[in-house]
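Asker: Each chain is listed here by its residues.
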Amino acid sequence: MVEVMSDKPVSEYAIRVYLADHERSDKAVEHHIPPRIRALRRSALERFCALGFPSAKREEWRFTNVAPLANTPFHLARQAGAGHLPPGALDKAGVKGLGARRLVFLNGRYDTRLSSPGEMPAGVRIGSLMANLAHADPQAEGRLGESAPWHDHSFVALNTAFIGDGAFIHVPRGVVIEEPILLIFISIAAEHAVVSHPRNLIIAERESQVCVVESYYGPSGETYFTNAVTEIFAGEGARVGHYKLQREGDRAWHMATVGIRQERDSACEAHSAAFGAGFSRNDVTAVLGGAGCSAVLNGLTMISGSQFADNHTRIDHAQPRCESQELYKGIFDERARGVFNGRIIVRQDAQKTSAMQTNKNLLLTGTAMVNTNPQLEIFADDVKCSHGATVGRIDDEHIFYLRARGISFDEARSIMTYAFANDVIRRIKPAPLRVLCEQIVLAVQDVPADFIVTEEK
Amino acid sequence: MTPMLEIKNLHASIEGNEILHGIDLTVNTGEVHAIMGPNGSGKSTLAQIIAGREVYEVTQGEVIFSGRNLLELKPEERACEGIFLAFQYPVEIPGVSNTYFLKAAVNAVRKYRGEEALDAMDFLALMRGKMKLLGMDEELMNRSVNEGFSGGEKKRNEIFQMAVLDPKLAVLDETDSGLDIDALKVVANGVNALRGPGRGIIAVTHYQRLLNYIVPDFVHVLAGGRIVKSGGKELALELEEKGYSWIDEKAGV
Ligand SMILES: Nc1ncnc2c1ncn2[C@@H]1O[C@H](COP(=O)(O)OP(=O)(O)OP(=O)(O)O)[C@@H](O)[C@H]1O
Ligand SMILES: [Mg+2]
Chain A
-1 MVEVMSDKPV SEYAIRVYLA DHERSDKAVE HHIPPRIRAL RRSALERFCA LGFPSAKREE
59 WRFTNVAPLA NTPFHLARQA GAGHLPPGAL DKAGVKGLGA RRLVFLNGRY DTRLSSPGEM
119 PAGVRIGSLM ANLAHADPQA EGRLGESAPW HDHSFVALNT AFIGDGAFIH VPRGVVIEEP
179 ILLIFISIAA EHAVVSHPRN LIIAERESQV CVVESYYGPS GETYFTNAVT EIFAGEGARV
239 GHYKLQREGD RAWHMATVGI RQERDSACEA HSAAFGAGFS RNDVTAVLGG AGCSAVLNGL
299 TMISGSQFAD NHTRIDHAQP RCESQELYKG IFDERARGVF NGRIIVRQDA QKTSAMQTNK
359 NLLLTGTAMV NTNPQLEIFA DDVKCSHGAT VGRIDDEHIF YLRARGISFD EARSIMTYAF
419 ANDVIRRIKP APLRVLCEQI VLAVQDVPAD FIVTEEK
Chain B
20 MTPMLEIKNL HASIEGNEIL HGIDLTVNTG EVHAIMGPNG SGKSTLAQII AGREVYEVTQ
80 GEVIFSGRNL LELKPEERAC EGIFLAFQYP VEIPGVSNTY FLKAAVNAVR KYRGEEALDA
140 MDFLALMRGK MKLLGMDEEL MNRSVNEGFS GGEKKRNEIF QMAVLDPKLA VLDETDSGLD
200 IDALKVVANG VNALRGPGRG IIAVTHYQRL LNYIVPDFVH VLAGGRIVKS GGKELALELE
260 EKGYSWIDEK AGV
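So the protein lines, in turn, are chains A and B. Quick note: the first sequence, position 342, residue 340 per this note's numbering, numbers continuous. Quick note: the second sequence, position 139, residue 158 per this note's numbering, numbers continuous.
Think of the hints as simulated: they come from the structure by calculation, not from any bench. Some hints here could point you the wrong way.
To be verified - Mimicking EDC-like on lysine to aspartate or glutamate, the simulated pairs with C-alpha atoms at most 16 angstroms apart in a straight line are:
#1 427/A to 321/A
#2 130/B to 347/A
#3 90/A to 189/A
#4 187/B to 100/B
#5 358/A to 393/A
#6 130/B to 408/A
#7 93/B to 395/A
#8 93/B to 408/A
#9 382/A to 347/A
#10 93/B to 409/A
#11 382/A to 436/A
#12 94/A to 220/A
#13 27/B to 43/B
#14 130/B to 111/B
#15 350/A to 375/A
#16 93/B to 394/A
#17 427/A to 248/A
#18 350/A to 393/A
Unchecked claim - Sample of chain A residues lacking proximity to chain B, with all beta carbon distances greater than 12 angstroms (derived):
#19 26
#20 115
#21 173
#22 239
#23 380
#24 394
#25 402
#26 409
C-beta: ideal position from N, C-alpha, C; glycine also.
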């Protein structure tokens, strides 16, 4: 058995549960996945054991305490069927108006019955990663583990150790898939705390186009753990839109990493909207690995109660003439706590880089808190980089102005909160997802069409 | 007949500094009162207190509106009861369209009164009519509240909101400042349209110019947190000519 290193004492028992589950799952997947992936899973487990759970001594986890997670034994979630879903859960987990192409994962496993990937042009794959691995799809096998940082991120290592199911989307050269592909991940309550490790792989070949929306959802009042990883490869001139909507249950742990690798002239957008989970950590890393790439990273976090949300982004400008634009906004109510860490690396060769980063935070109460930390590391000289971080409160004068027109204090507060979030919501391209985010931020069911300000700012 | 608004011995302070030192003012229905006075004399403070701004602490006195103790009501309740303040400095709210803002306001007031919310069509019809009255550009309505509006456009927008909300008592805090003469006429038109039985207007201004178009029944001079002189519309003309110093001397402020 492998030794587990850790900066802090963790429950031996919790670790033993992971190891035992891994052993079992290793046997179960033996005949279903190619040897390379099985070897990758084993290396990743070793890596996870070597890394251990991150302690606050690690720079990347300075404000983020995972000790309670490390001490909780999470059992690998069992396969579940539609019969295990509470009534209405699928609708709640989805996005109204989206779903012409829909893949549903229960406890991280693909559910054929609930899924409808839709018509597929020749060569396109939209389906279960496990199924594609089983059919020895060389594309599915080839790139797994290449863009997610499993060597130095404990939870990516853990996810990689458990690579099994998730979505596999492969769009061949020149193919354009117009309608967004919706991936729904639902966790189902069990008698003990469970973990799932969804693993998604999105490959957009040269000059292709695809948009993927991931939606994570789970029951409230239950302790469970979602440990997701998505790898995205954008070939030359490809265009990829990626949206991640997180509405996990209030006691859930949600860890997710989106690793993006871009080739020359490709354009990727990665959006994150985080509303749920007791604890969430979202890492987005983008490597701009060819000249002329553009990357857009947007994030909206809105939490309350004693929720915690950490957003870590890393944009690596490795090649010249790339452009990145990043806007992350956080809204923290009651005793909620947030962390933003935005790292931008501009390598020596990356001349004519343009990198713009903004992080804005709104604290709705005196007890809410946020730590924001922009990190620019610039090794090239001909670059245009800017960053800015703010932490603010709603202006009393604004609230009074609205109240003086008859609008209640609560509604005035939601309107001002919406006003704060407006620009980042407006960047969400799929309209149904945009409307859903508006509804959540405004805390109303029907957002009138005239709400949105017409001009782009 | 009960007066529409009755302010008695109103003392108010901010951060421990008393700004209003005992204001008495009665506005009967149908009347227009002008309040003039030097900068910093407390005019906006009075206007904001009527609207319910909580940063000012009322330490003494009372404000009665249609027989109700106004000081007990929240700002939004006052608005729903029919009080409207046209702000001296309207705030900008980037990210919220004028249309949405106004619809939220109209429907909040309707809800308070137990009326059904206006649907999009009825609201649009209401808005269009008032936009015409105030020569508002439709394009302004889709923009964020007051964002990037010129000084004059902001003031006109205040009066437009007033026209849509149709209040009983309108308090106009220097709505004339920043308006060119054409805009002033349009704004005055909007205000005069609201004049009449069952309504009251308090117009804070520095200039006779406005009062040529909105002719007041009474003019009060507020100086150093007190009303130091009250009179008819001639008082404004006198002030225009002589300034405030002659009153200051008489009042011993
Ligand atoms: N929020 C505040 N904080 C501190 N002092 C204030 C505040 N509001 C008003 N004051 C003070 O109260 C006094 C009265 O101010 P107010 O704005 O009521 O004057 P005004 O008569 O409206 O002046 P103006 O003609 O310039 O608009 C001033 O001395 C002002 O500095
Ligand atoms: Mg003033």
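Asker: Looking back at the numbered hints, which does the structure fail to meet, lowest number first?
Answerer: Violated: hints 1, 2, 3, 11, 12, 14, 17, 18, 24, 25, 26.
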